[in-house]
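**Student:** Sequence:
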Amino acid sequence: DSEHVYPGNKKYITGDRERRPKDGGGIGGGASDTGEGEDEFTFDLTKEEFLDLFFDDLELPDMVKENIKVTETFQWSRAGYIKEGTAAKLSILRSMRQAKGRRKALKGPKKRKLKLLEEELVTINKRISVLTSDPETTNEEFEMLDKRRIVVENEIEILKRRIQAIPSIDDIDLRYNFWKKTPHPTTQAVMFCVMDVSASMGDWEKEMSKRFFMLLYLFLTRSYERVELVFIRHHVQAKEVDEDEFFYSRETGGTLVSPALDMMGDIIKARYPVDTWNIYGCQASDGDNWPGDTEAAKDILTTRLLRMVQYYAYIEIDRRGGKDSDLWDTYDEIKASNENFDMTVITDAADIYPVFRRLFEKNKGSVTK
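UniProt numbering applies: residue 1 is where the sequence shown begins, and numbers increase by one.
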């Protein structure tokens, strides 16, 4: 009666065949002139499982593998125990375990010998008791057993004192935690998110850009341990902002692209040395730009940014579709001669995920408008 099949269910095992229901004998919803129905089985996915599938086979492209930057960070890690140290580093559990092993090693042979002597003493006492009640017992035999009894009792007493003298814990038992710095190679990356928020970007265009960057943000923060994100919004001026202002601020103005690209280059120079960071950029715009600034943007990209980054992606938000902007045409020229630059267009909300996958798929090919 269940609509779910769980691992370990009692009804089905591997290799079982299920007869197909005749004439709609299943519990499906049947044919419908509204295009709606109900499947017999549903599949439950957790959020983590869904995101695993959603971002499967995606990665930050490393267009030039030999340029991957790896830094060594040092972490304190446990490296065993030592016999000397400060009280703060004393491992009580390890010390007690060491003491227990020492006591066992020292007491073991003595206890075994003590047991034999006690058994011998019992035997001697029984024999003496028998001889005492026997009138034919000679003094010589009795004296010999009594001397041996005294010797055994003395040895037993000595062994007991020696066993009791073994300390519960000794200085030689103390063990101290030993920590040392170990190098951990860490691939570090920074992603620059550059978004046009000028007046030419209508509500729909801004919404598409935000959705794309939301997807990028979710992918990066989920998939990589150490990826920093730098958010830049621009109209006639560029501004570095936090993620909240990036996604939700309503500030707007005219359109200049080059200030945002200049700011990205300045931030890289100040905070992200190219010899220790993997650097990526992603820009979203409707393609409109102030006349004359497009060439400035091209110059910054070709002579500065593309020499710093491993990958730069441009997304043009074009609701009309098919009409190339000046910025698109200029960037298309850049793409032809730079393998670490790619570009594509979004004309509908349904394009966002396919476009995202094409830009960040493993072993990606070229992407065209």
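Derived by calculation from the structure, the hints in this document are not laboratory data. From a predicted model like this one, the values you see are computed outputs, not experimental measurements. Among the clues, some could well be false.
[As the list claims (entries may be wrong)] In the DSS-like style, the derived pairs of lysine-lysine whose C-alpha atoms are separated by at most 30 Å in a straight line are: (1) K269 <-> K239; (2) K113 <-> K160; (3) K115 <-> K180; (4) K89 <-> K100; (5) K180 <-> K160; (6) K104 <-> K210; (7) K89 <-> K111; (8) K89 <-> K110; (9) K181 <-> K83; (10) K115 <-> K104; (11) K210 <-> K160; (12) K126 <-> K180; (13) K181 <-> K115; (14) K239 <-> K210; (15) K180 <-> K210; (16) K206 <-> K298; (17) K113 <-> K89; (18) K111 <-> K160; (19) K147 <-> K181; (20) K100 <-> K110; (21) K180 <-> K269; (22) K83 <-> K210; (23) K239 <-> K89; (24) K180 <-> K239; (25) K206 <-> K239; (26) K110 <-> K126; (27) K107 <-> K126; (28) K126 <-> K89; (29) K115 <-> K83; (30) K111 <-> K83; (31) K160 <-> K206; (32) K111 <-> K100; (33) K147 <-> K89; (34) K126 <-> K83; (35) K126 <-> K115; (36) K115 <-> K147.
**Student:** Are any of the numbered hints broken by this structure? If so, which, sorted upward?
**Tutor:** 3, 5, 6, 7, 8, 11, 12, 13, 15, 17, 19, 21, 22, 23, 24, 28, 29, 31, 33 and 34
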